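As you go down the protein sequences, you meet chains Z and X in turn. Take the first sequence: its letter number 79 is residue 78 in numbering that gives the first Met the number 0, and every next letter is one higher. Take the second sequence: its letter number 97 is residue 96 in numbering that gives the first Met the number 0, and every next letter is one higher.
Worth double-checking, as some hints may not be accurate.
What the hints assert, rightly or not - Partner residues aside, some chain Z positions facing chain X, computed with beta carbon under 10 Å:
| hint | residue |
| --- | --- |
| 1 | Tyr36 |
| 2 | Ala59 |
| 3 | Thr62 |
| 4 | Val67 |
| 5 | Ala68 |
| 6 | Cys69 |
| 7 | Ala74 |
| 8 | Ala75 |
| 9 | Ser82 |
| 10 | Ala107 |
| 11 | Ser109 |
| 12 | Tyr117 |
| 13 | Asn120 |
If you're looking for bench data, these hints aren't it; they were derived computationally from the structure. Treat the numbers as computed from the prediction; the structure is a model and nothing was measured. Backbone N, C-alpha and C define an ideal beta-carbon position, used for all residues, glycine too.
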Amino acid sequence: MNKLAVGLSLAAALAVQSASAGLHYSSPITVSGTVAYGQVHAARTSGDNKQFIGCAAYGAVNTNSTYVACSASDAAGHTLYCSTYNPSYYVWQAAMSVTEASSIIINADSHGNCIYVYVQNASTNL
Amino acid sequence: MVRLWSVCALSAVIGIGAGWALRGSGSADTNESATPGTAQVAQLVLPQPQAAAQSGLNLAQLHAAIKEELAALRSQPANERQAAAAAKGNAPASPELIAQRREAVQDIQAMILTGEWGNTERAQFQQKFSLLDPEQARQVLQQVTMGLNNGTIHSQIDLPL
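So that you can see chain Z by itself, here it is in the shape it has in the complex (with noise of 0.2 Å):
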C-alpha cells in the first residue's frame, strides 16, 4: 500500500515537472520612477500579496472619449498608474493583448500620461 502511494506521489510529481518544463524567465514587477515592467504570471504568483501589473480599456457608445489606463505594483509596494485619453489604435491594442502570458513594459510622463505600453506575449513568461 505505501509502495502504491509513493508510487503514485512520484507520478504526480513528474506530471507536474513535465507540464512545466520548457524555457522559462521570471520578472516579478519592477517600478522605477515612471516606468514600471514585469510579468502578469510573476505577479500573480508571488507571495507578497502586493504585485500586480495590467491595462484596463474605456469606451462607451454616448461619447467620443475613450482612455487606456495602466498600473503596476512592486513588491514593495510601489506603484505606478498611467493613463492615455483617446489613445492611437496601437496603444488600445497593446494595452487589450495583455493575457497571463503577458510580460509588459509601461512607461508614463510627469503628467501620468502613458507614454508607452509593452506587451510580449510567450510561453516563457509562465
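Given the coordinates of chain Z, assemble chain X onto it according to the supplied hints.
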C-alpha cells in the same frame, strides 16, 4: 456585361491618358512609336494639363499641395485629430448638457478630494466621464492619474481607472 466592358475600357483610357499626361513634355518623343489608338488618347488627354495651367495650377504644384496636406495629417497626434473631428462634427452643447457636464466635473473633483478610490469610485467616474467634453475628460483623467501617482488618492483596487 457590355456595361462592365465599357467601364473597364473607359478606366483604361483614363489611366493611359493620365499616365501620358504625367510624363510631361518628355513624352512627346514617344508619340512616333505610339499606336494610332494611343496617339488619339493622348490627344484627348493632353489638354487637361493645359486647363490646369489656365486655372493657375500645374501637376507639380498639385502634387506638392497634396504631399503637404498628408504630411501635416501624419504629424498631428491622433487625439488632436479626433478632437478636431469631433469639434467639427458636434453641434454646440445645449445649456442642459453644459450643466450636466459641470455637475459631472464637480462630482469627480469631490471624489478626488475624498482621497479614496475603489470600485464604486471607478464606476461613478466612468459614468460621469462619458458626459464630459473632450477637454474636460482629458483633464479629469489626468487629475485622477496624477493623484494616484502622487499619493493624494489611495487606490483600493489594482486598476482604478
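Now for the hints, and whether the structure bears them out:
{"no.": "1", "hint": "Tyr36", "verdict": "violated (16 Å)"}
{"no.": "2", "hint": "Ala59", "verdict": "holds (4 Å)"}
{"no.": "3", "hint": "Thr62", "verdict": "holds (4 Å)"}
{"no.": "4", "hint": "Val67", "verdict": "holds (9 Å)"}
{"no.": "5", "hint": "Ala68", "verdict": "holds (4 Å)"}
{"no.": "6", "hint": "Cys69", "verdict": "holds (8 Å)"}
{"no.": "7", "hint": "Ala74", "verdict": "violated (14 Å)"}
{"no.": "8", "hint": "Ala75", "verdict": "violated (15 Å)"}
{"no.": "9", "hint": "Ser82", "verdict": "holds (5 Å)"}
{"no.": "10", "hint": "Ala107", "verdict": "holds (8 Å)"}
{"no.": "11", "hint": "Ser109", "verdict": "holds (9 Å)"}
{"no.": "12", "hint": "Tyr117", "verdict": "violated (18 Å)"}
{"no.": "13", "hint": "Asn120", "verdict": "violated (19 Å)"}
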